[in-house]
Amino acid sequence: MILDTATIDRNVSLSADVCVVGSGAGGSVVAKELAEQGRSVVVVEAGGYHVNRDFTQREEEMYLRLYQDQGARVTADGTVLISQGCTVGGSTVTSYCVCARPRRHLLDRWSTQLNIRGVGAEEMAPHFRHVEETIRVRELTAEDINRNNQLVQAGAERLGFHAVRLAHNRTDCLGCGYCALGCAYDRKTDALTVFLRAASQRGAIIIPDCRVEAITTARDRVAGVTGTFTRTARGSATLSVAAPVVVLAAGAVGSPQLWLRSRLPNSRRQVGRNLHLHPQVWVAGVFAEEVAGWRGIPQSIAVDEFLEIGETRDGGFLLAPTFAHPVALSSMLPGFGTDHRRLMELYPHLALTAVTIADHSSGSVEVDVNGRAVVNYQLDDDDRSALTEGLRRAADIYFAAGAQRVILPFNETVELTRRGDYRAIDERPLRPNDPMLLSFHPQGTLRMGSGGGRAVVNLVGEAYEVPGLFVADASVFPTAIAVPPQLSVMAFAHRTAEFINNSAARLFSRSG
Amino acid sequence: MRADAVAEIQALIGVPIDRRRFLKGSAAGLVLLGAGSLLPSGCTAYPKPKTPLQFFSAKEYAVVNAAAERLLGATGQVGAGEEQIDIAGRLDAWLLTWDLDAQQQLRLMLRVFEHGTSLFDLQRKRFTRLSALDQDRYLDGWMRSTLGARRTVFRALKALASAGFYGAAPAWANIGYDGPWLGRVEATALLEHEAAVPLAKLGVSS
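Protein chains in written order, with this note's numbering: chain A, -2 to 509; chain B, 2 to 207.
For the record, the hints were derived by calculation from the structure and aren't laboratory data. Fair warning: there could be bad hints in the mix.
[Said to hold, decoys possible] Each pair of labels, with its calculated beta carbon distance range:
#1 94(B) with 335(A): 27 to 33 Å
#2 402(A) with 48(B): 49 to 55 Å
#3 137(B) with 367(A): 34 to 40 Å
[What the hints assert, rightly or not] If you want the footprint, here are the derived chain B segments under chain A, 3+ residues with CB under 8 Å:
#4 144 to 153
#5 163 to 172
#6 178 to 191
[To be verified] Distance condition first, Cα-Cα at most 16 Å in a straight line; then the derived EDC-like pairs of lysine to aspartate or glutamate:
#7 202(B) with 140(A)
#8 202(B) with 105(A)
#9 126(B) with 137(B)
Model, not experiment: these values are computed from the prediction. Glycine included, C-beta positions come from ideal geometry on N, C-alpha and C.
Let's have the full structure, built from the sequences with the hints guiding it.
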């Protein structure tokens, strides 16, 4: 059941076998799997409970309602805008529904070189299959590809670049294009409509509008969580949940933030380190024809020609069409005044592609004296090179598809007018906030590993220094996963849930 | 105080500060800003806002609307009469939902921007009193600045202006955007969602 926090008129105390912090891709899977095994589960979510009837398809309302920091979370120096869902269902509610397994070489390297036994491609396959079947992942059809995506596909084909049609978790999509603002028609098969729904039907209690303040410990193991309701019937109210198992699934910023704020053991000083963001910039093509990129499925294909996931190293970038509604697009388009207005008047004729880096750059999450997250991140030289190469390749593709000109993502208006003449890119240094970077995939801040060194959690996601505390979100990835991480988060969470269930005798002995 | 605010102010006032020195650095910044606002061309009355304000002061309201007009280009020409988009007015209630720290940073940013004309552009007039041409030149300086913090302020102002203007339906026709499907295109939702239950039904202790 889902608690109506507008009825909270006093402090609330609960006990359960498992308390899950965060209800997105990871937390929702753990909640469903353990509830279905008969475990009592409480899920605590900082965001509100919003469903299809609340999704108004209006940017200014939905950013406020569905996104962390109203869609304005940025790194400490303001150079990367980090977009994360903050609602029951987490980022799965606002995602484009892309479901991609990581490259085989990447998982195999985690298994062999990083010695994370059990996460090789073959070993993870059953977990991926399970979540894919549960959320009905299917490859999109040719009819699902809108004009914005067709142009990139056509340009890539002409140049011989490898492009793939993506698999998604959506059913009978109407193609309204408002995926990033929540699906008003419930066509997404996501954490909200599948996993949490199933968990609730099996008795899980889902508590929205509650900010977890601390993870508590007793006798050197986890004991539960305490939190504060952000919405009540009157006044302030607190929540305490006593649980022998706590699953941290608040995302790669929120999870280390809560760990540090709770002053949990961190003897290796690795909590919050190893932040990867999959930093992204956009490139726009201007076409004579109408593209109307805001209509249809926003991202149905990707050009993976330049993603380098090998047996020994990884890197490179992914090119994938994207689009934005007017508020977001206006914020991103270069220049100001008349120049900017003229670009906005080209809205129906613009095509947009995101260049997403499989980053080596490593940032951190810290907390300030008030317990707020401070995110530090700078691009390293390799990733800067990958980004500028991505701008060139995206421009190649648009010119091959017939673009009249290509607009780059810098502060001032910089346009390319013919293929190959990229002096504007080569001569221009990348500076903080010029271009502004976007991130939809923070990861890596509580990394998984085999014991010594830099690992925070063990091979199944349990904290080395806090028995009973598990992590089930993108924080556990030891390197950038190089594809949209939603499906991988679900698969790793499924694996962790399986371990928790198989370890019941140790983990739940005190609660019977 | 968040590290980003420290970095912003550090860059703006050109004084290295760390967390322990922040108050001193911040005070120095405020002295500079205060001096700017005491210039003869400084803080005389600002026009009365079109609507009662909850977040902005009349000064902040004027700065946001003036910046938005120049940033987005002729916003005042979209719509007529009641239909005209009051950008700062639309942002006013929304900004109340920001956390206090972010609100303070925004107020500081607007103050620095309004009075930074004397610091960054050797102008005697504050931003809202400059001619349109000088306002554009001033904005251009923020956009191209070698100081990352000034570029951050430029980005933030443009994002605010965009939210206030392009979030309003009257702005859409000019750019060919046909707006949300809801209320316009027939489509039904697939699921019956679970209703949230009152606390009393949980049967929990307190």
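Hint check, failures only: Structure breaks hints 2, 7 and 8.
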